[in-house]
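Visitor: Chains A and B, in that order, give the protein sequences. The first sequence runs 1 to 112 under our numbering. The second sequence runs 1001 to 1113 under our numbering.
Be aware that a few hints might be false.
Restricting the straight-line Cα-Cα distance to at most 35 Å, the calculated cross-link-like pairs of lysine-lysine (DSBU-like) are [claimed, not checked]:
(1) 104(A) - 1013(B)
(2) 111(A) - 3(A)
(3) 3(A) - 69(A)
(4) 3(A) - 107(A)
(5) 1013(B) - 107(A)
(6) 107(A) - 69(A)
Here are the simulated distance ranges between beta carbons [unchecked claim]:
(7) 1007(B) - 9(A): 30 to 40 Å
(8) 1018(B) - 52(A): 43 to 53 Å
(9) 1053(B) - 76(A): 21 to 31 Å
(10) 1063(B) - 77(A): 24 to 34 Å
(11) 1070(B) - 93(A): 34 to 44 Å
(12) 19(A) - 1041(B): 34 to 44 Å
(13) 1073(B) - 28(A): 31 to 41 Å
Since the hints were derived computationally from the structure, they do not count as laboratory data. Glycine is no exception: its CB is placed at the ideal position from the N, C-alpha and C atoms.
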Amino acid sequence: DAKTTQPNSMESNEEEPVHLPCNHSTISGTDYIHWYRQLPSQGPEYVIHGLTSNVNNRMASLAIAEDRKSSTLILHRATLRDAAVYYCILRDPGGSQGNLIFGKGTKLSVKP
Amino acid sequence: ETGVTQSPTHLIKTRGQQVTLRCSSQSGHNTVSWYQQALGQGPQFIFQYYREEENGRGNFPPRFSGLQFPNYSSELNVNALELDDSALYLCASSLGVAGGEQYFGPGTRLTVT
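My request is simple: use the sequences and hints to build the entire structure.
Guide: Structure (structure tokens):
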């Protein structure tokens, strides 16, 4: 399975945009880029996913590099509730198993 | 729509004992995956059940076993508990085995003393 690389931690101020980077230089053509986040004392929750084009939903935006070797999760206005560990995960929907392969993720701290 | 629930919330066991953890999947979901999360680490895949059959397993010994029932709820059983089994155990449900969004429960915190 292709791996991802993320910074261990990042800090942001409340109400400012946050850009969380992810490198995935060995991504295959069929891998989708998924982001999950885990709030303190909770299970992970889905944030967003994409293949080639940039994606937007109510939670965040996902910007994917043209060569697909990196991507950036964008939180447009960070709130205190966005403080969490963010995981960037590659998934092949044609694979026989549906397990998620988590790394250590990026711990985002949000300052008031 | 009911989300994923897990029981119990917390559990303390002694080394060598056996434990059963339970998970109720989200309505309409036929796939359940179990993960172990040690402190400060990302979740690690244990195994997945699809329509009552095991559909993949991570690098965990056979003393970790599971079941999925006709209503798609699931159990994780761990025999001969070791101190290193202390962790948060997460269950996630999804529709289908690959590619779909997984919905996680809040987890069961297991402490082995």
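Visitor: Against each hint, give a clear statement of whether it holds in the structure.
Guide: Okay, the hints, checked on the actual structure:
no., hint, verdict
1, 104(A) - 1013(B), "holds, 27 Å"
2, 111(A) - 3(A), "holds, 30 Å"
3, 3(A) - 69(A), "holds, 11 Å"
4, 3(A) - 107(A), "holds, 18 Å"
5, 1013(B) - 107(A), "holds, 30 Å"
6, 107(A) - 69(A), "holds, 22 Å"
7, 1007(B) - 9(A): 30 to 40 Å, "holds, 33 Å"
8, 1018(B) - 52(A): 43 to 53 Å, "holds, 48 Å"
9, 1053(B) - 76(A): 21 to 31 Å, "violated, 43 Å"
10, 1063(B) - 77(A): 24 to 34 Å, "violated, 47 Å"
11, 1070(B) - 93(A): 34 to 44 Å, "violated, 26 Å"
12, 19(A) - 1041(B): 34 to 44 Å, "violated, 25 Å"
13, 1073(B) - 28(A): 31 to 41 Å, "holds, 34 Å"
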